[in-house]
Amino acid sequence: MAKSLRLILMYLRHNLMSALAYRVAFMIQIVGMMLNNVMLLFFWTVLFNRLPTLNGWGLEGVITIYAIVAFGYGVAVVVFGNTFHVAEVIAKGDLDYYLALPADPLTHLLVSRMSIAGWGDLFFGLLIYCIALPAAWRHLPLFLFLGLLSGLVFVAFNVLVGSLVFWLGQAQNLSSQLGNALLTFSLYPIDIFPGVVRVLLYVLIPAAFVGSIPAKLLMEFNTFQLLELTIFVIVLCYVARLLFMFGLRRYESGNLVTARG
Amino acid sequence: MSIITVNNLTKVFTTVEKQPGFRGSLRSLFKPQHSQVEAVKGITFSIADGERLAFIGPNGAGKSTTIKMLVGILYPSQGQAQVLGKTPWQERQALSYQIGSVFGQKSQLWYHLPPADSFDLLAHIYELEPFAYRERLAELVEIFEVEPYLNTPVRKLSLGQRMRCEIAASLLHRPRILFLDEPTIGLDVVVKQRIRDLILHLNQEEGVTIFLTSHDAGDVEVLCHRAMVINYGAVIYDGGVNDLKHTYLRTKTISLKLGTPWRGFEFAGVSLLKQKGYGVKLEVDTDVASIESVMAQLLSQYTIVDINIDNPPMESIIAQIYERTPESRSPAVSASSLAVE
Chain A
1 MAKSLRLILM
11 YLRHNLMSAL
21 AYRVAFMIQI
31 VGMMLNNVML
41 LFFWTVLFNR
51 LPTLNGWGLE
61 GVITIYAIVA
71 FGYGVAVVVF
81 GNTFHVAEVI
91 AKGDLDYYLA
101 LPADPLTHLL
111 VSRMSIAGWG
121 DLFFGLLIYC
131 IALPAAWRHL
141 PLFLFLGLLS
151 GLVFVAFNVL
161 VGSLVFWLGQ
171 AQNLSSQLGN
181 ALLTFSLYPI
191 DIFPGVVRVL
201 LYVLIPAAFV
211 GSIPAKLLME
221 FNTFQLLELT
231 IFVIVLCYVA
241 RLLFMFGLRR
251 YESGNLVTAR
261 G
Chain B
1001 MSIITVNNLT
1011 KVFTTVEKQP
1021 GFRGSLRSLF
1031 KPQHSQVEAV
1041 KGITFSIADG
1051 ERLAFIGPNG
1061 AGKSTTIKML
1071 VGILYPSQGQ
1081 AQVLGKTPWQ
1091 ERQALSYQIG
1101 SVFGQKSQLW
1111 YHLPPADSFD
1121 LLAHIYELEP
1131 FAYRERLAEL
1141 VEIFEVEPYL
1151 NTPVRKLSLG
1161 QRMRCEIAAS
1171 LLHRPRILFL
1181 DEPTIGLDVV
1191 VKQRIRDLIL
1201 HLNQEEGVTI
1211 FLTSHDAGDV
1221 EVLCHRAMVI
1231 NYGAVIYDGG
1241 VNDLKHTYLR
1251 TKTISLKLGT
1261 PWRGFEFAGV
1271 SLLKQKGYGV
1281 KLEVDTDVAS
1291 IESVMAQLLS
1301 QYTIVDINID
1311 NPPMESIIAQ
1321 IYERTPESRS
1331 PAVSASSLAV
1341 E
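Just so you know, the protein sequences line up as chains A and B, in that order.
Throughout the first sequence, residue numbering follows the numbering used here, covering 1 to 261 in sequence.
Throughout the second sequence, residue numbering follows the numbering used here, covering 1001 to 1341 in sequence.
Honestly, I wouldn't trust all of these hints.
Keeping only pairs whose Cα atoms sit at most 16 Å apart, straight-line, the calculated EDC-like set for lysine to aspartate or glutamate is [claimed, not checked]:
| # | chain 1 | residue 1 | chain 2 | residue 2 |
| --- | --- | --- | --- | --- |
| 1 | B | 1192 | B | 1182 |
| 2 | B | 1031 | B | 1049 |
| 3 | A | 3 | B | 1129 |
| 4 | A | 3 | B | 1127 |
| 5 | B | 1106 | A | 94 |
Rather than coming from a laboratory, the hints here were simulated on the basis of the structure.
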């Protein structure tokens, strides 16, 4: 655990150094991503100008969801930058590098890339939370913790679907679609969906755990639910890791770097 | 003492066979036909501490698959292997502290950062003591002469400079075995020679066991004293490089650009391969005629503008070995039996 934490910090440092080799590109990507997110949120403000609430959710609730998801997503792609590339790395045979070194291969794989635009998401989430919501700073530690949990759901779910490559051989599209679906659905309040879809968003794609559930917790705190969420995330991470490690037995490596789909 | 022992190591890949065309794609979707490809077919060998082994064979022969199993990256389908007393795929992490690997085509250096930063990161990954690391780094920097560009981003280094850093990086943790997969690929002659010297130095000064794959006959000749040829997943030659050389590296080609028209050349052991205008290509059987005597004779008869002396490519040496082994699955031929042929 301590080893993994050290590895994470080391890579954070090196990834940042590498990104800062191109300062202007670095800044443009961050600011660009923040603007992009502002536009997305803008549509909701237009909607809530016309109707006061949507199945119990108001503008404030949606902003809370956006803040959490953006921050969590930011943490996932900044610290664990390969989150959305797990399937690709396995299919291309790039696991070789991580397997040849003594560090834990899953952690090592995840941290060895950093999405620069992800810093934009991370800052955006933090900013709208502090600016747009009243008395937000009082719950800041809770917000950070919930954001971290939601980031871990992103990471674990993508590891889970990325590991499908071990069995299916070619599943980059499937896993990236599932990964993106998690992000897309997490941005909507869970209660606007009809019953069956809602169940799917709890079970198949854990979108509810990324956005709506932590947002509700921030608005209306409940110790028991927080505990539940924390345990769920830990179990999800554990299962994802188990599946990945099990899949390694089936890893085929390969020099197929330039093969076309 | 054996440092690597491999017994009946086998790796089978399952692939889906597909008929050509769209119809074939549809058929493979609903009724996939699986076929088993035996990439490595029950190979057995052992390597002693301090050996320099060349592991050669054409593309797709099973070289990389074998190395990847020995490093612990791939699980075998069958068979056993012990590297430094450990089963690689079961004790991969523990083993990785004691072995190093350099893959010519896959870099372990950070592209946008100077090598010094990559070295630092690797030192952390290998959990080296800061003081011991600094001492080791200073030593490697001196041997590999990478001081001048230690702080230049890797993307600005030449391939040769990068490769030296690459090998230095894999030695930070003082591995006992070094696996090199085509370390001289794409390098010019001078740099190639330099890399070879360095690898030799490592073996002699630090006792590092060298396990090398290459398509360069020069690498094999200069660096290694033992060669193992593998094809279709089976070992077809295992013996001394000198025997391999005597048996198969018997010819050299001389390419000439003449200043005067070609009038023919009579010399025992020399045959004309190609002649066009002032360009001539000769093959010399080095058992019959020495390169020196052929050159002297040539210089006395012609004005020579340009000259090249080459070994036959590795590929053709291997091709010769196949010609002598009727079946690709026949058991490994020992050096001695090859030599008498």
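To see whether the hints hold, each was checked on the structure:
1. Our distance criterion of 16 Å between C-alpha atoms is met by residue 1192/B and residue 1182/B, whose separation comes to about 11 Å.
2. For a cut-off of 16 Å, the pair hint linking residue 1031/B to residue 1049/B is broken: about 50 Å separates their Cα positions.
3. Restraint check for residue 3/A and residue 1129/B: the C-alpha separation of about 15 Å stays at or below 16 Å, so the hint holds.
4. Proximity of residue 3/A to residue 1127/B is assessed by CA-CA distance (about 9 Å); at most 16 Å being required, the pair is judged to hold.
5. For the hint pairing residue 1106/B with residue 94/A, the CA-to-CA distance comes to about 9 Å; that is within 16 Å, so the pair holds.
When held up to the earlier numbered hints, the structure conflicts with hint 2 and nothing else.
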